[in-house]
Each structure stands twice: as C-alpha cells, then as structure tokens.
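Visitor: Chain by chain, the residues run as shown.
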Amino acid sequence: MHTVFIIGTGTTPVAEHYTRTLTDLALEAFSAALQEVAPAVAPPDIGALYVANALGEALAGQSQLGAFLATATGLAGIEALRVEAAGASGGVALRQAAMAIMAGVHDLVAVIGVEKVTDKLDPEVEAGLALATDSDFEAEQGLTLTAQWALLMRRYMHEYGYMADAFAPFPVNAHANAASNPGALYRFAINADKYRKAGQVASPLNMLDCSSLADGAAVLLLASERRARELGLPTIQIAASALATDTHALHARRDLLWLDAVQQSATTALRQANLTHADIDVLELTDPHGIAAALALEASGFVERGTAPRHAADGGITPTGATPLATGGGYKARGDIGGASGVYQVVELVRQLRGTAGAAQVKDAQVAFAQCLGGVGATAVTHILVNTER
Amino acid sequence: MDLAKHWRQKAARYRLEGQRHRVTGDVRFPAQPAIPGEDTDVWEPFVFSGQGEIYSFAVLRQAATGFEQIGPYPVALVKLVEGPLVSAQLTDCAEADLAIGQPVEMVTRRLKDMGEDGLLVYGYKFRPVLR
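Protein chains in written order, with this note's numbering: chain A, 6 to 395; chain B, 14 to 144.
Bound conformation, chain B alone (with noise of 0.2 Å):
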C-alpha cells in the first residue's frame, strides 16, 4: 500500500523542504541525494516559505487512477519566492479567477484517496494568497 513511499516523502509533503548548498546558497525543491563528486553534506535541509506565483497551469479533465474522484482539478507549477519550480495541484480556486503571476502560497490538503483499505495521502497544495 505504499506506506514508506509516501512516509518518506514528509519532510517535502508537510513542511515544504528541500535543500540549501552550504557554499553557494542555492535553493532546490525537492531534495535530492549528493551526485558522485560533491560532498555529501554540502547540501543541507531548507524550508521553503510556501509564497510563490503561479509560472503555468492546466485544468485537467482526465484524471490518473486514485485522481477521478476530485476531477476537474487545476494544476500548476509554481515559481516560490525563493527561486525553484514546484508541480502541484492549485485548490480554493475557480479556472476563470487563475492567471499567470497570480500570487499562491502553500497549504496541506489531502492529495489522494487510496480507497477503502488504502491510505490517505496529505500533501502541499497551492491557493490564491488571501487579500
């Protein structure tokens, strides 16, 4: 039931956190292991403030398995502040209210409804920042 695939994934799914370079001071989401050649600490865990803006999105119609339930859903890649790229669902929001640019920040909805016997996977999503 895929219970350590998603239990891995928290610190990225609740938080937002992905990694730092210790020298340079580049940002990446999500974390990723050291390549051969780097130092294995030189990327150190750092939580992303959840503010970004919409870079593109879509409204999909047709939805993979464990995903027809909710449908039609928005989905976005988001640009954070802090530089990177995140893909992720958009909620609170009507198609006709989404631009490009239009501010987002993160909160925790459920992501997927694994059925009767399954999990229930939690994860970060992205709504229009409230005025």
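So that you can see chain A by itself, here it is in the shape it has in the complex (with noise of 0.2 Å):
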C-alpha cells in the first residue's frame, strides 16, 4: 500500500459571497492550491479529481459536480467524482482520493470541498440539513439537524447535571481564535456572559451555540510518498484514514449519548498510526454546538463520559491546552460550509503541522487528528496527519 502525502492546500474565506458561483469559489481555493506547488505541479499532472459537497441540489441547484468541476477547472476529461455524505462529505473525500493512492490507481489527484448555499433562505436551508436525518421519522416529523443536537443537550444535562451554560467554552474558544483567522466568517470573541444572554434557536441551544452554514471551498492535493519525493514536498503524511457509520435517526441508538461511528473511526485511525491520545497535539472535530463537540471528545476516547463540559471550562481545547479544538474557529466561528467542512478541517490542521497557524498556533504540532460527522455521527470520518519533517 502506497504512503499518502498532502502537498498543497488552498481555501477561499468562508462567507456569505453572494456576488460568486459555486465554480468561482471552487476555482479561488483551487488556484490557491496549484500556486503553492508551482512549479513542480501543474494541472495536468493530476489524476482524478474528487468533489465534497452536500448539498449541491437541495441549495445549488447543481448535480455531476465531479464532471461539472473537472472542466471547470480546466482539467476536463479527467476521472472525477462528486462525494456526498451530509457534513461527513469533505471527510469521506479525502478518503476516497487517499485511497486511490494507496492503492496505486493515481499519484497525485485533487480533492475540492465546495458548497453554495446563500441562495436559498432559512426554511430551504434548513430542510437541505434536515436531509441528514431519518427523512420519514425524523424530518417529516418538524425536526432538524440543529434539533437533533438540541435533544442531545437536554439529555446530556439532564443525565450529568449541567446547565446550558457549561457548553459556553466550546465557542467562546471557537470565536477567540477565529478572531486571528482571517479566512473565518466571525473574526470577534464572545464571553460565557454573552452566551447566557443569546436568543434561543433550538432550546436548549442558543444563537451562539449555533454555527452558521455559509459558502466556501477548500482544496487538498494529495501525492504518493514517490511522487511527494520527487517533487520535494513531503512534508504531512496521512498517517490514517478510517471511516464507520451509525443509524441516522437518534431514536434507533441505544446509548444516544454515545456516539458508536466516531468511537469506531477514531479507535481505527489511532491503531492505523500506532498512536495515543496523548500523541495528538491538534484537533479538528464537527463541532457546530458545544454539544457536538463535547459528545466527540468522549466518544473519541480523549475525555471520559461526562466530563467534556468540565475539560472545556479547564482550558483543556484552547491552543495551550491538552486537546486544542477549532483553532481556525471550527464550525461555530470559521463558519459551517456543509460537505466542504472535512476539508476545511485539514487545511487548518495542515497550517499546524507546517507551524504557519499564527495567534491560534499549538507549539511544536506534529501530530493531528481531524474528524468530521455527517448527520448526528451517522457516518464518522477520522483522520491522522502527521509531520515528517518536524
């Protein structure tokens, strides 16, 4: 099985870019990518290319993106793909172009995360989420995706003896280190005393413990060891890649504040890349509530049951602590971009590993772990990068 390189990233800011298709926004980050490998990789050097996106009929309007895109970006002709798996999209793309490579199909092919979703007002925007769960028994019923994690938190409360208040450090962390990122849709700090006074979206969670989906695209080039080598640009290395799934609707769980996919991804990936949870210096998890977050942190193994709030509150997820969370500002603060969400994770884990993060930056990041969820974990996507050359 061939070793698998990430060579080149490239993002557009994620923001409500009204004056800009889904094709201008993915042309940006694409772009971007091929500047930061020129000149040792042009276009036709790559394989195939592989496109994350989630909701491009219910909010785009637009189907085939694999074909769509390739031509787009002037690379017409190619195998190219669209990979749809809710907000696991960008997560599940990676893989599959990893994969490719493993197995020894390509050597260097693209992945592109892209969605376009401000086209569409809140109802549509909502029913486009609400695709992510059991559409007969959940989102026939009036509930959402935001729902679902809302009735998580009043269940995770109720069983651990919290009030909503304790979730405040997942995005008050989220908004301070967005505040650095330039690229992020919110680029201001919040404090637990704003938190307690937001407006309720789905009770128990409130405005700022919401994220916001807005439009964006990031991209990935990804190389074998070999072809990395030849190129001089081998630097961070998928060191694992591990996907599971999980039913879409909550009531079908057992343990409903467990999530079964995310342990079972995260257990693989870490025995993958013979690590620890001690290993990882960084994280990337879906993280669109503090509910998210904390139920990731423990079905992961990094926290026990219980006590993600209380690890929050601690310092434990800002960049100093012992699991730093969302430095780019994750889901709440970088902002939601749907199925480009998983690639915009490694982007910013990728900017860890070469130390080029800025304020949010974890000292000394080798090792980083990125997962991200379609859905309520109904499928759960773990990644491991890790510098080589640090």
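Derived by calculation from the structure, the hints in this document are not laboratory data. Beta carbons are placed, not taken as given, at the ideal position from N, Cα and C, and that holds for glycine. Keep in mind that the hints are not guaranteed to be accurate.
[Stated by the list, open to error] Here are some, though not all, of the chain B residues that point toward chain A, as calculated from beta-carbon distances under 10 Å:
| hint | residue |
| --- | --- |
| 1 | Phe80 |
| 2 | Leu98 |
| 3 | Ile113 |
Assembly of the complex is requested from the two constituent chains, each provided in isolation within its own frame, with the hints serving as guidance.
Guide: Written out as structure tokens, the structure reads:
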C-alpha cells in the first residue's frame, strides 16, 4: 500500500459570497492550492478529482459536480466524481482520494470541498440540512439537524447535571481562535456572559451555540510518497484514515449520548497510525454546537463520559490545552461549509503542522486529528496527519 | 406531491404501528424490512399503546420548509412504555411546563401543510397526559 502525503492546500474565505458562484469559489481555492505547489505541479499532473459537496441539489441546483468542476478547473476529461455524506462529505472525499493513491491507481489527485448555500432562505437551508436526518421519521415530524443536537444536549444536561451555560467554553474558544483567522466567518471574540444572554434557536441551544452555514471552498492536493519526494514536497503524511457508520435516526440508537461511529473511526485511526491520544497535538471535530464537540471528544476517547464541558472549562480545548480544538474557529466561528467543512478542517491542521497557524498556533504541533460527521455521527471519518519533517 | 410517500406510512402515522419479534418478543418503531439472514416474517405488526414519557425535548425557532407556519414548536424524543424511542412533536403544552420524565400520550394532528395545491399531512404528536 502506498503512503499518502498532502502536498498543497487552498481555501476561500468562509462568507456569504452573494456575488460569486459555486464555480468561482472552487476555482479560487483550486488556484490557491496550485500556486502553493507551482511550478513543481501543474494541472496536467492531476490524475483524478474528488469533489466533496453535501447540498448541491438542494441549495445550489447542480448535480454531477465531478464533471462540472473538472471542466471549470481546466481538468476536463479526467476522472472526476462528487462524494456526498452530508456533513462528512469532505472527510469521505479525502478518504476516497487517499485510497486511490494507496491502491496505486493514481499518484497525484485533487480534493475540492465546495458548498454554495446562501442563494436560499433559512427554511430551505434547514430542510437541506434535515436531509441528514431520517426523512420519514424525523424530518417529516418537523425535526432538523439542529433539533437532534438540541435533544442530545438536553438529555446530556439531565444525565450529567450541567446547566446550558456549561457549554459556553466551546463557542468562546472557537470565536477567540477565529478572531485571528482572516478566512473565518466570525472574526470576533465572545464571552460566557454573551452566551448566557443569547436568544434561543432550538432550546437549550442558543444563537451563540449554533454554527452558521456559509459559502466556501477548500482544496487539498495529495500525492504518493514517491511522487511527493520527487517533487520535493514530502511533509504532511496521512498516517490514518477510518470511516464508520451509525443510524440516521437518534431514536434507533441504544445509547444516545455515545456516538458509536465516532468511537469506531477514532479507535481504528489511532490503531492504524500506531499512536495514542497523548500523541495528538491538535484536533478538528464537527463542532457546530458545544454538545457536538463534547460528545465527539468523549466517544473519541480524549476525555471520560460526562466530563467534556468541565475539560473545556478548565482550558483543555484552547491552543495551550491538552486537546486544542477549533484553532481556525471550528464550525461555530470559521463557519459551517456543509460538505466542504471536512476539507477546511484538514487545511487548518496542515497550517498547524507547518507552524503557520498564527496566533492560534499550537506549539510544536506534529500530530493532528481531523474528524468530521455526517448528521449526528451517522457517518464519522477520522484522519490522522503527521508532519514527518519537524 | 409525495402522495404515495405519505400514504405508505399510514399505519405508523395514524396507529403508531411498529413491529414485534415473534421469537424474542422485542418491539420496535418504526417498522423495518427484515435484513438479510432474518426470516422475512419474523417481525409481525404491533400497535403501540401511545403512552410514554419525555426522554428529551427542544423548542425549535428555526423551522424547515413546510413547518415555518407553526413555529416555535416543541419536539421530543418520547420513550414509549413498551420501550422504543419515537421522535415527534409535542402539542397542547407550553414550553415552561415541559420536563424530562413527564408522561405523554399520542394524539393525531396535522404535521405539515404543503401549500394550496399540496397535501395536508397528518400523523402522531404527543401531549402531556390529561389529569
């Protein structure tokens, strides 16, 4: 099996890009990634294109995005496909692309995560996100993805004895980190007092504990180890990649406060990389709400069940903590870019491993953990990245 | 207009019909097809009592298309007395009155209005048990 390296990255700012199309966004991020690796790599070197996108049909009115973006990026004719796994699309596309290299089918490929959501009004966006729930028995009952997380948060508070504001440290950390990320949607700090006073969105979830969906694109260029060395770009290795699945519907799960697929993908990834939790220097999780980050930290094995809010309150998730989280702002403050989020996560971690993450840089970061979820963990993908040169 | 999509669910929506395992007696909601390796008739229809309690709840102020008119509205995971959890809206209640563990019962209500030329979708909701 071939070893896979990340050789180039590019992103657009996360924003409400009203003047720009899905193609414009994909092109900007793709061009930025190409610029990083020029002149060693040029478009004809790219063997295949994997497009991560969750909501193309529902919100952007476009399908078959593989061929669509291959043409738009000047790669017309190459193997190209779109990968959809709701919010996990980015991680799944990365895994598909990495597997093509592992298998020796391609030795240099591109992943474009792109989402265009702001052409639609809120109810349509909510309905689009609710496609990640069980259609007949959750969405048709009026539940949304946010509702699912809210139901878990209320139960978590009940079982472990927390008030809602125990979750404030998650968005407070995300916003603090986003303040120095020029590509983040919300570049300002918040505090626990503002959290307490925020209006309800899906009680107990309030406005400062809910991410906003926005437009953007992020790109990764991957190469086999041999190719990366030829190009002189062998730095960030994908040391593990693991995907697991669970039920869409919350009501179908035996233990609602334990994300089985998260546990499975995290455990498998750590085993593949032959690493332990203590080796991980920096993390990206699916954290649109504090409860989401908390459940993922627990099921991934970083903290004990029922303790994640205390861990966060003790500073555990800040850039100097034991599990630095959302250093680019996370879903909450960088913005939730739907199916592109999983690609943005990895770009942020590559910045961390290169030591170019600015104010939110984790000191001497060498091993990073990226995990993204579709729905409430119906799909969970974990990647572990290692800087082999520092 | 999704006519057949909603009609197919009539047993679940109007009667809260799920399934019981003929051998183990396990019950589940909603009904599902047998998976490969199971006898196709090992799960038989089973109508739930409609009695349960609130396992968790949330009040939604941002609704999806088709539900904008009814907001804000409460949704819940209801633990049926027979065991399974059901995702459903709550009705006939105020947010301040809701609590985990509160007894609720199934009622049939309008779920969704799909517009002038669309369907009115009815189905189960749950309300606090009347004392």
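Visitor: Look at each hint and say if it fits the structure.
Guide: Results of checking the hints against the structure:
no., hint, result
1, Phe80, "5 Å, holds"
2, Leu98, "4 Å, holds"
3, Ile113, "5 Å, holds"
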